[in-house]
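Peer 1: So the sequences go chain by chain: A and B. For the first sequence, the working numbering gives the first residue as 1, with consecutive numbering after it. For the second sequence, the working numbering gives the first residue as 1001, with consecutive numbering after it.
If you're looking for bench data, these hints aren't it; they were derived computationally from the structure. No experiment lies behind these values; they were computed from the predicted model shown. Where hints are given, some of them may not hold.
[Unchecked claim] Computed list of lysine to any residue pairs in SDA-like fashion (alpha-carbon distance at most 20 Å, straight line):
| no. | chain 1 | residue 1 | chain 2 | residue 2 |
| --- | --- | --- | --- | --- |
| 1 | B | 1041 | A | 234 |
| 2 | A | 273 | A | 221 |
| 3 | B | 1019 | A | 227 |
| 4 | A | 282 | A | 158 |
| 5 | A | 282 | B | 1367 |
| 6 | B | 1041 | B | 1087 |
| 7 | B | 1127 | B | 1254 |
| 8 | A | 282 | B | 1477 |
| 9 | B | 1019 | A | 273 |
| 10 | B | 1127 | B | 1260 |
| 11 | A | 282 | B | 1475 |
| 12 | A | 273 | B | 1500 |
| 13 | B | 1019 | A | 225 |
| 14 | A | 282 | A | 108 |
| 15 | B | 1041 | A | 231 |
| 16 | A | 273 | A | 175 |
| 17 | B | 1091 | A | 236 |
| 18 | A | 282 | B | 1476 |
| 19 | A | 282 | B | 1501 |
As a plain string of letters, each chain reads:
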Amino acid sequence: MAKRPVPASAAGVIAGAIDERADASTRPGTADGDAPRNFAKRPFSFRRWFFATGWRHIVGVIMVAFALLPIVFVVSSSLNPRGTLTGSNALFSAIGFDSYIRILTDPQVPYPTWFGNTILVASVTAIGTVFLGALAAYSFSRMRFTGRRVGLITIVVVQMFPQLLAVVAIFLLMSAIGDWFPAIGLNTQVGLIMVYLGGALGVNTYLMYGFFNTIPASIDEAAKIDGAGHARIFFTIILRLTAPILAVVALLSFIFTVNEFVVASVLLIDSEKQTLAVGLTKLVSNPRYADWSAFSAGAVMAALPVVALFLFLQKYIVGGLTAGAVK
Amino acid sequence: MSTMIDDEVGTAPPQRPTKRQRRAANIADAASGGVRMLLVKMLFLAILDAVALYAAFILVTGGQWLVAALVALVAAVVNWIYFSRRRLPAKYLAPGIIFLVVFQVFVLIYTGYIAFTNYGTGHNGSKEQAVSSLMASSLQRVEDSPTYPVTVVDQFGTLGLLVTDPDGDALVGTNDQPLQEVDAEMEGGEAVAVDGWTSLSFADVLARTDEITELAVPFSDDPNDGAVRTPDGSNAYLYVSSLEYDEAAGTMTDLSSGTVYSDIGTGAFTSGDGEELLPGWQIVVGFDNFVRAVTDERLAEPLVYVTLWTFAFALISVASTFFLGLFLAIVFNDMRMRGRRYYRVLMILPYAIPSFLSALIWAGMMNESFGFINQVLLGGASVPWLTDPWMAKVSVLLVNLWLGFPYMFLVTTGALQSIPDDITEAATVDGAKPWQVFRLIKLPLLLVSVAPLLIASFAFNFNNFNVIYMLTDGGPRDSSAPIPVGFTDILISMVYKVAFTGQSRDYGLASAYSIIIFIVVAVISIIAFRRTKTLEELN
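My request is simple: use the sequences and hints to build the entire structure.
Peer 2: Spelled out as C-alpha cells, the structure:
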C-alpha cells in the first residue's frame, strides 16, 4: 500500500509495485484466508482444481484478451501491406514491413522528425525536471529556513492545478514572448520545454523530498567534517545516493511529456516542429488520410520506447529501492 | 536563513547557528568548492546576465518598460542570491521557483484575468492596432495617384519599400514604419539602394511576390494619409483608406456610405444600428463571459450537460477501474495459482502504452462502418460506437476502463498484500466466513490506504483530455450550440475547443470555463488534504 499519499497516479504504481514485490518475497503461502490446505497426495480432482484456481485462469484469459485486443490489432494492421482500415480487419492475413517504410519515407508526413522532436523535448524536460526538483528537494530536506513549510505546502497545492487548465493563458503568454523573442516563443521547442519545466517543482519534488529524507543526515555530517561544502555534498553524495528516485522521476517525466497533447498542440504550429502526440493525432483525424496501416506502424514505433521504459522502470525501482543505497 | 546542513531531519525547533559555527561553515565551503566551482558559477551567471541584459534592451527599445524592469529585477535578485555567502536555501530553490512562478502560477492568475476580457478572434490587440488594421484592410487606390518608382528592400527578413517621390527624394518604410526620408544611392533619378538594407534582385522579387503585394507602407504617422503599395515590385501607387479615423471623437467614418461608427465601450467601432467593424480591440468586460455562459440559452444548455457528464465520467471511471482492479487483485492474489506473473505483465500493458495512441487505435476499432469491432467481433453489425450520443459515452467509459484498470490492479494488489495475515487469521478463528473477512476487515483497511489515490484518480479523470479528444473529439457534435461542443466533451476539452478550434476563437469565454474547473479542482484538493492530512504531516 502507499504509505504516503502520492498524488501522481503513476507514482502510486511504483508504491504498489514495490510493496507487492517486497511482500511477495516475505510472506507465507496463504493469501486469501482460505482454509488451510493439505498438500498430502490426493487424487487429482478437476472439480476441486477448478474451484480453487481454475476459474481464476478463465478470468485471466478473458482479461488478457481484453487487454491485448487493441495491441494485437495495431500490430497486425501495422504489418499489413494494404493501407485501409477495412483491410486491417483480417488479423495477420498478410505480413510485411511496407507500411513501416511508407510512414518513415512519406514526404507528406514528417514522422522521423516528429519522433526526433519527441525524444528531444521529452529528454530535455526529464533532465531539467530532475535537476530542478532535486535542487529543491535537497534544500527542503536538509536545510531549515523561514518559509520552508509554506514552500512545501505551496508546492503540494499548486501541483493540484495542472498546466493544461491554463492552456489559454500559456498560449497568449508564449505568443507575447514570441513577439519579442521569436527564439523562445510560440512555435519553438525551447518554449515548450520551458513551459513543461514550470511543472518541475510539483509532485516530483514531493516524491524526491520523501526519498531524500530517508538518507541519513549523518552521511552529510561525515562529509562535512571531511571538509565538503554544501555543493559538493549535493553533487557528489546526495545525487549518487538518490539515483534510484532520480531515475524514476526522470522516466515518469519522460512518459508524461511523450503523452502530453494539449500544450504541445497549442504551442507547436509548424508540422516540422510537432511532437508525435500532436502529429499523429492530427494525421489520423484528417479524413483524407486513409493509410491506417502506416499510422499503425507509426503508433507501434512510438509506443515501443515508452513501453520498454515502463517495463524497465518497474524493475529498476524495485531493485533500486529494496537493495538499499545506504548501508 | 540559517544554513544547518547537519541539522537532523525532522527535529524541531531549529536553532540559529552561532557566529563561530557560521564561520566554520563558510570556511568549509570555501575550502571545498575550489576555483573550478567558482569559475563554473561565474560562467553561468555571466551567461544569465548577458541574456537578461539583451532581453531588457530589446524590451526597452520596444517600449515594454514594466516587463524590462521585471527582467532586470529578477536578474539582480539571482545575482544577489548566488554572490551572497548566505541565502543557501535560495540558491537551491531559485531556478525551480522562477519557472514555477512564470509558467504555473502566473498563467493560472492570467487565466483568471482573461476570463474578464473579451479576448478572442476580432478582439486581439490594442485599439491602435485595431485602427491601423481597419484602415489597412480598406485601402483603395487613389484614381489619379502619381506613380512612385520603388525598389523592394530587405532588413533582417523584414521587407520594406524604397520609394522615390515625384520630387526626386528617396524614402524608405515598412508595414509598421511610415516612410522616412533617407540618403539613397540614385540611378537614373530612381533610388536603388540604401545603407542598412539589401535591395532585392529581380529573381527575389518574383520569389516573394505574395509578400511584396501584401506590403502597405504608411505614408505618414497619420493613418488617414493612406499608404503606398506596389502590385509588381517596381512601381507603387498611393492608396487611401475608405474609412476615416477621427481620433478626437474616437469615430470611424465610412467615406463611401457616410456611416459613422463610434466607440461605445464594447471593444469595437459600432454604427448606430449596431453593426460592428471588426477587428475590434481587447477590453475588460467584467462578468460578461460568466453571465453569457449561464444566461445565453444556447450556451447554458451545453454547459449544464458538459458539467454533469464531466462528473459522471470521472466518477464512473474511478469506480469501474477500481472495482475491476480490486476484483483482479483478489483473483490473482492466490499463491496456488500458476503463471500469475505472466497474466500480470500482459494485463499491465495497456497502462504502459501512451494513452493518446491507445485512444486513437480504439477510435479506429470502433469506427462504425469499417472498424474491427463491428466488422469482425460483431460480424458486420453497425453499432454507432462513436456517433450516437449515448453509445459514445459508453465507448468513452469502456476505453477509459481499459486504460485505467491496470493501475488500480497494481495499487490494490499492493494494498491487499500489505494487510497483515494475522488479522485475517484472527477473524477466521473467530468464525468469520471468507466473504465476511473481506467485506468487514479487508475492504475497510484497503479503502483507508487507497482513498487518497482514488481522489487523485478522480482529479486526473476530471481533466482526462486525451481519451476524450482522441477517441470521439467530444463528438457527436451538438449542432444547436454556437460553440464547437459535443455530447462527450468534458470541461477541459470544451475549453480547448472554444479557445482553439472553430471559426472564431473566444479566449475570454474559454477562460471563464477554466475558472469553473479551478473551483472544482480546489474543492477536490481541500477534500483530499482534509482526508489525507498531507499538509499537517509536512515538516
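Peer 1: None of the hints should be skipped; say for each whether it holds.
Peer 2: Here is how each hint holds up against the structure:
1. Under the criterion of a C-alpha separation no larger than 20 Å, the hint pairing residue 1041 of chain B with residue 234 of chain A is consistent with the structure, at around 15 Å.
2. Restraint check for residue 273 of chain A and residue 221 of chain A: the C-alpha separation of about 48 Å exceeds 20 Å, so the hint is violated.
3. A threshold of 20 Å between alpha carbons decides the hint, and for residue 1019 of chain B with residue 227 of chain A the separation of about 18 Å falls inside it, so the pair holds.
4. In summary, the hint linking residue 282 of chain A to residue 158 of chain A is not supported, as the alpha carbons are separated by about 31 Å, beyond the 20 Å threshold.
5. Proximity of residue 282 of chain A to residue 1367 of chain B is assessed by CA-CA distance (about 17 Å); at most 20 Å being required, the pair is judged to hold.
6. Our distance criterion of 20 Å between C-alpha atoms is met by residue 1041 of chain B and residue 1087 of chain B, whose separation comes to about 15 Å.
7. About 18 Å separates the Cα atoms of residue 1127 of chain B and residue 1254 of chain B, which keeps this hinted pair within 20 Å; it holds.
8. Annotation: proposed proximity of residue 282 of chain A to residue 1477 of chain B holds, straight-line Cα distance about 18 Å (limit 20 Å).
9. About 55 Å separates the Cα atoms of residue 1019 of chain B and residue 273 of chain A, which puts this hinted pair outside 20 Å; it is violated.
10. For the hint linking residue 1127 of chain B to residue 1260 of chain B, the alpha-carbon distance of about 17 Å falls within 20 Å, and the restraint holds.
11. A hinted pair counts as satisfied when its Cα atoms are at most 20 Å apart, and residue 282 of chain A with residue 1475 of chain B qualifies at roughly 16 Å.
12. For the hint pairing residue 273 of chain A with residue 1500 of chain B, the CA-to-CA distance comes to about 18 Å; that is within 20 Å, so the pair holds.
13. At most 20 Å may separate the alpha-carbon atoms for a hinted pair to count; residue 1019 of chain B and residue 225 of chain A meet this at roughly 18 Å.
14. Our distance criterion of 20 Å between C-alpha atoms is met by residue 282 of chain A and residue 108 of chain A, whose separation comes to about 13 Å.
15. Restraint check for residue 1041 of chain B and residue 231 of chain A: satisfied, since their Cα atoms lie roughly 11 Å apart, inside the 20 Å limit.
16. Using a Cα cut-off of 20 Å, the hinted pair residue 273 of chain A and residue 175 of chain A holds, with the two alpha carbons roughly 16 Å apart.
17. Note on residue 1091 of chain B and residue 236 of chain A: the hinted pairing holds, with a Cα-Cα distance of about 17 Å set against a maximum of 20 Å.
18. Between residue 282 of chain A and residue 1476 of chain B the alpha-carbon distance is near 18 Å, which keeps this suggested pair within the 20 Å criterion.
19. Restraint check for residue 282 of chain A and residue 1501 of chain B: satisfied, since their Cα atoms lie roughly 13 Å apart, inside the 20 Å limit.
Violated hints for the displayed structure, listed by number in ascending order: 2, 4, 9.
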